[in-house]
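Peer 1: Here's the letter readout for the chains.
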Amino acid sequence: MLEVTSLKKVYRSGEREVEALRDLTFTVDNGDLVCLVGPSGCGKTTLLRCIAGLLEPTAGTVRLDGHPVSGPPPGLAMVFQEYGRSLFPWMSVRDNVELPLKQKKLPRERRTALVEETLDAVGLAGTEKAYPWQLSGGMQQRVAIARAVAYEPSTLLMDEPFAAVDAQTRADLEDLVRALWQRLRVTVLFITHDIDEAVYLGRRVVMLSSSPTVVQDEITIDLPAERDQLHTRADPRFTELRTHVYEQIQAAKRGRPSTEAAV
Amino acid sequence: MWRSCSHDPGLSVKQRTGLLGLAGPAGLLVLVEALPRLGLVNDAYLPPASRIAAALGDELGTAQFWQAVGDTLLGWAIGLTIAVTAGVVVGIVIGAVPVLREATASTIEFLRPIPSVALIPLAVLLYGTDLGSTLLLVVYAAFWQVLVQVLYGVADVDPIADETARSFRFGPWARVRHVLWPTALPYVFTGVRLAASVALVLAVTAELVIGAPGLGRSIAVAQSSGAVPLMYALIAVTGLLGVAINLAARVFERRSLAWHQSVRGEVPA
Numbered sequence: 017m018l019e020v021t022s023l024k025k026v027y028r029s030g031e032r033e034v035e036a037l038r039d040l041t042f043t044v045d046n047g048d049l050v051c052l053v054g055p056s057g058c059g060k061t062t063l064l065r066c067i068a069g070l071l072e073p074t075a076g077t078v079r080l081d082g083h084p085v086s087g088p089p090p091g092l093a094m095v096f097q098e099y100g101r102s103l104f105p106w107m108s109v110r111d112n113v114e115l116p117l118k119q120k121k122l123p124r125e126r127r128t129a130l131v132e133e134t135l136d137a138v139g140l141a142g143t144e145k146a147y148p149w150q151l152s153g154g155m156q157q158r159v160a161i162a163r164a165v166a167y168e169p170s171t172l173l174m175d176e177p178f179a180a181v182d183a184q185t186r187a188d189l190e191d192l193v194r195a196l197w198q199r200l201r202v203t204v205l206f207i208t209h210d211i212d213e214a215v216y217l218g219r220r221v222v223m224l225s226s227s228p229t230v231v232q233d234e235i236t237i238d239l240p241a242e243r244d245q246l247h248t249r250a251d252p253r254f255t256e257l258r259t260h261v262y263e264q265i266q267a268a269k270r271g272r273p274s275t276e277a278a279v
Numbered sequence: 036m037w038r039s040c041s042h043d044p045g046l047s048v049k050q051r052t053g054l055l056g057l058a059g060p061a062g063l064l065v066l067v068e069a070l071p072r073l074g075l076v077n078d079a080y081l082p083p084a085s086r087i088a089a090a091l092g093d094e095l096g097t098a099q100f101w102q103a104v105g106d107t108l109l110g111w112a113i114g115l116t117i118a119v120t121a122g123v124v125v126g127i128v129i130g131a132v133p134v135l136r137e138a139t140a141s142t143i144e145f146l147r148p149i150p151s152v153a154l155i156p157l158a159v160l161l162y163g164t165d166l167g168s169t170l171l172l173v174v175y176a177a178f179w180q181v182l183v184q185v186l187y188g189v190a191d192v193d194p195i196a197d198e199t200a201r202s203f204r205f206g207p208w209a210r211v212r213h214v215l216w217p218t219a220l221p222y223v224f225t226g227v228r229l230a231a232s233v234a235l236v237l238a239v240t241a242e243l244v245i246g247a248p249g250l251g252r253s254i255a256v257a258q259s260s261g262a263v264p265l266m267y268a269l270i271a272v273t274g275l276l277g278v279a280i281n282l283a284a285r286v287f288e289r290r291s292l293a294w295h296q297s298v299r300g301e302v303p304a
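So the sequences go chain by chain: A and B. For the first sequence, my numbering assigns the number 17 to the initial residue and increments by one for each residue that follows. For the second sequence, my numbering assigns the number 36 to the initial residue and increments by one for each residue that follows.
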């Protein structure tokens, strides 16, 4: 379980202080898929970096399976928005996926099997020898997802992973994340600014306020587990849920909780 | 092959650029041939190109000449190797530790502009006319070229690439090996290319001024014994060595950096 308790992050530069995160508390159960959505500039990325152990919070704690996070924890993998900069251009697709496994000291046979398996799972079989920059943006992000999945994390953090790909690729990648999550039973924390994406993907959606950030609201997405782009998005319940999230985000931008009845 | 459209249907663009590149040296040869022949300059100071070429032809047959070339290249190669190794190691250590970078920045800015030739008296004092003198000058001059480039390269590490490595729990050595080093590599190559040219200049200078064995000393000897065409021939040889070194460095660079933006060109996405 991922527990974020009273998390606070203040950036200091000289005399100036910027309070990015004020007081964030939420939990993600093992095997859950939670989407964090908030207005732009609400410190989503700061939050994710604190959870990933890449950034030291000013106050509060992050616990992963009971252990406090003080550096990048084992069993956690991250997919960055900037796939082009996160993948190493000097390595082939295969080497990019394999390198973290080497650092994990997995034996060669296991590495080879994992690389093959995950590239196949993300629909990139046959591109092992290509370099990331020879692939389209969507394919590059698939490589980054394969790299994270091959690491066999118990928790997968995704930082607006599809913000830079076109709408059709994005729909495909959303279904890929749902499929991988259902198959691997991995805990996924997915950050996005896209309300539709959050409702479509998540089993729960946590809404953040604008900066300085607190948790504005959270809801359980009671849509059926089998989702598809066409029917789920046309479901009246989907519309209700997205309206609720939308209103909360709008209220967050105005800086107060919405008075709308809970769904 | 990509054919040019109008002028020379038989020549590719690359061949035409190559021919244009050769036109320069050819023109220079014609000029050097013509100036003394037309009596515009005294041929005691500038013999015609044909006579220089003849002197070079004779010289190519002597063991002495090849010994001098070997000595120059030896001093160059050893000096360059030391400078590159030291520059890369020091650059990565300083670059990777922010405190060190701040602490050394002013010292580097002070030491770097000191011309290597200003160290000639010191070199003679320490090593006399041995190879050691040449090496001191070559290493000093080449080291800064490499160091400064490596420092730029280390500063160019993409924070996202580094965070990716950290998030996958890469240790400090793995981050140097897999993130910092490949990022710095294009800069290292630039540094090596610059250092290789400077090292040759300093190797010849040391031989010329100090009298360490090599092409530089041969040039001085030819000049003092009045063998002017030979002197020009040897100068031309040092120039050709410089060109050869630069070409070799570029070919090596392109092969090693096939993945880099500057080499890979546009890829249809």
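Heads up, a few of these hints could be off.
If you want a taste of the chain B side facing chain A, the calculated C-beta under 10 Å gives, among others [claimed, not checked]:
1. 85
2. 144
3. 147
4. 190
5. 199
6. 200
7. 205
8. 214
9. 218
10. 222
11. 286
12. 288
13. 292
14. 293
In silico EDC-like links for lysine to aspartate or glutamate, alpha-carbon gap of 20 Å or less [stated by the list, open to error]:
15. 118/A / 133/A
16. 118/A / 132/A
17. 118/A / 93/B
18. 24/A / 35/A
19. 120/A / 197/B
20. 120/A / 182/A
Residues of chain B clear of chain A, computed beta-carbon distances all greater than 12 Å [to be verified]:
21. 52
22. 80
23. 124
24. 183
25. 195
26. 198
27. 220
28. 221
29. 243
Hint data in this document are derived by calculation from the structure and do not stem from the laboratory. Where is the CB? At the ideal position from N, CA and C, for every residue including glycine.
Peer 1: Taking the hints in turn, state whether each one holds.
Peer 2: Hints, one by one, checked against the model:
1. 85: Cβ of residue 85/B sits 50 Å from chain A, so the hint is violated.
2. 144: violated, 25 Å
3. 147: violated, 29 Å
4. 190: At about 16 Å, which exceeds the 10 Å cut-off, the nearest Cβ of chain A leaves the hint on residue 190/B violated.
5. 199: holds, 5 Å
6. 200: holds, 9 Å
7. 205: Residue 205/B check passes; min Cβ-Cβ to chain A is 5 Å, inside 10 Å.
8. 214: holds, 7 Å
9. 218: holds, 8 Å
10. 222: Since the shortest Cβ distance to chain A is 14 Å, the answer is violated.
11. 286: violated, 19 Å
12. 288: violated, 14 Å
13. 292: Since chain A brings a Cβ to about 8 Å from residue 292/B, closer than 10 Å, the hint holds.
14. 293: holds, 9 Å
15. 118/A / 133/A: It holds: about 16 Å lies between the C-alpha atoms, which stays within 20 Å.
16. 118/A / 132/A: Satisfied, since the Cα-Cα distance of roughly 15 Å is no more than 20 Å.
17. 118/A / 93/B: Outside the cut-off at roughly 60 Å; violated.
18. 24/A / 35/A: holds, 8 Å
19. 120/A / 197/B: Given that 20 Å is the threshold and the Cα spacing comes to 17 Å, the pair holds.
20. 120/A / 182/A: violated, 34 Å
21. 52: Nearest chain A Cβ is 27 Å from residue 52/B, so the label holds.
22. 80: The claim holds: residue 80/B sits with its nearest Cβ about 53 Å from chain A, beyond 12 Å.
23. 124: holds, 21 Å
24. 183: Residue 183/B is indeed farther than 12 Å from all Cβ atoms of chain A, at 22 Å.
25. 195: Non-interface label fails for residue 195/B: nearest chain A Cβ at 4 Å, not farther than 12 Å.
26. 198: violated, 5 Å
27. 220: violated, 8 Å
28. 221: About 10 Å separates residue 221/B from the closest Cβ of chain A, which leaves it inside 12 Å; violated.
29. 243: holds, 42 Å
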